[in-house]
Amino acid sequence: MKVELLYQVVDWIVTQLDERFSINDQVFDIFNVFDYTNADFLHAECGTINKFLYHYKSFQINTLNLSSEFSSIKATLELENNSQFKLELILNIVLNLPYAFPETTKILSIMLTLPVTTASNERFFSSLEGIKNFLRTSIGDERLNDLMVLGVEIEKANQINLNDAVDDFAKMKVRRYPLYQ
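The UniProt record's numbering puts the sequence shown at residues 1 to 181.
Each hint should be verified, as a subset may be incorrect.
[What the hints assert, rightly or not] In silico SDA-like cross-links for lysine to any residue, where the CA-CA straight-line distance does not exceed 25 Å:
| id | residue 1 | residue 2 |
| --- | --- | --- |
| 1 | LYS106 | ASP168 |
| 2 | LYS74 | ASN50 |
| 3 | LYS171 | ARG143 |
| 4 | LYS51 | SER67 |
| 5 | LYS171 | VAL152 |
| 6 | LYS74 | VAL33 |
| 7 | LYS57 | GLN8 |
| 8 | LYS51 | LYS74 |
| 9 | LYS86 | ASN50 |
| 10 | LYS86 | PHE31 |
| 11 | LYS57 | LEU79 |
| 12 | LYS86 | THR113 |
| 13 | LYS57 | THR15 |
| 14 | LYS106 | ASP35 |
| 15 | LYS106 | ARG143 |
| 16 | LYS51 | LYS106 |
| 17 | LYS51 | ASP11 |
| 18 | LYS74 | ASN62 |
| 19 | LYS51 | LEU112 |
| 20 | LYS86 | ILE61 |
Note that these hints are calculated values from the structure, not bench results. Since the structure is predicted, the reported quantities are computational estimates derived from the model, not experimental observations.
My request is simple: use the sequences and hints to build the entire structure.
Here is the structure:
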């Protein structure tokens, strides 16, 4: 009985991991282009690059320029006399000369900001759900956005000194007419 339950739980966990990470497989394949052991190492015409560029077409990455940049990076790497062309070395070359490699800089910037997991998205929606459950009223979009930011950034929100915040608001310009004169 316990073993069957364990197998069911493990199967469920594996299924969830497959679902969550299979969504981003095509996007994460871009890392293979910067892996020197891969056949597509700095190859601008490979299918991986084409899928990536299609997915991020709003960045308007020029494939012709990218191809020449990759050739230049390969030549620079060969001058380094290093048997292993690790991503760190490529990053140093490209990020030290961003005007020489603008298209590659765009790709590396996108790569470095890709979420590793969906945890941040789940935390965001979990915070939103908690806020909605707590209030249970209809509120405006601006207030909801502010509350969502507070819910997601709870550590920073807890560091705010409320007395100082009240004093700051009191020092602001008066925006209402005095009711009693």
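Going through the hints against the structure:
Between LYS106 and ASP168 the CA atoms are separated by roughly 41 Å; this puts the pair beyond 25 Å, and the hint is violated. For the suggested pair LYS74 and ASN50, the alpha carbons sit about 20 Å apart, so the restraint of at most 25 Å is met. With a C-alpha separation of about 23 Å, the suggested pair LYS171 and ARG143 falls inside the 25 Å cut-off, and the hint holds. For the given pair, LYS51 sits about 15 Å from SER67 by alpha-carbon distance, which is consistent with the 25 Å threshold.
Proposed proximity of LYS171 and VAL152 is contradicted: the alpha carbons are some 29 Å apart, above 25 Å. For the given pair, LYS74 sits about 12 Å from VAL33 by alpha-carbon distance, which is consistent with the 25 Å threshold. Using a Cα cut-off of 25 Å, the hinted pair LYS57 and GLN8 is violated, with the two alpha carbons roughly 41 Å apart. Note on LYS51 and LYS74: the hinted pairing holds, with a Cα-Cα distance of about 22 Å set against a maximum of 25 Å.
Taking the CA atoms of LYS86 and ASN50, the gap is about 22 Å. The hint holds against a cut of 25 Å. Only pairs whose Cα atoms come within 25 Å are accepted, and LYS86 paired with PHE31 is accepted, the gap being roughly 11 Å. Restraint check for LYS57 and LEU79: the C-alpha separation of about 33 Å exceeds 25 Å, so the hint is violated. For the given pair, LYS86 sits about 19 Å from THR113 by alpha-carbon distance, which is consistent with the 25 Å threshold.
Taken as a hint, the LYS57 and THR15 pair is broken in the structure, with Cα atoms around 31 Å apart against an allowance of 25 Å. Taken as a hint, the LYS106 and ASP35 pair is honoured in the structure, with Cα atoms around 17 Å apart against an allowance of 25 Å. Distance check on the hinted pair: LYS106 and ARG143 sit about 35 Å apart at the alpha-carbon level, beyond 25 Å; violated. For the hint pairing LYS51 with LYS106, the CA-to-CA distance comes to about 15 Å; that is within 25 Å, so the pair holds.
Restraint check for LYS51 and ASP11: not satisfied, since their Cα atoms lie roughly 31 Å apart, outside the 25 Å limit. Restraint check for LYS74 and ASN62: satisfied, since their Cα atoms lie roughly 18 Å apart, inside the 25 Å limit. A C-alpha spacing of about 17 Å is found between LYS51 and LEU112, which places the hinted pair at or below 25 Å, so the restraint holds. Taking the CA atoms of LYS86 and ILE61, the gap is about 23 Å. The hint holds against a cut of 25 Å.
In this structure, the earlier hints numbered 1, 5, 7, 11, 13, 15, 17 are contradicted, and the remaining ones agree with it.
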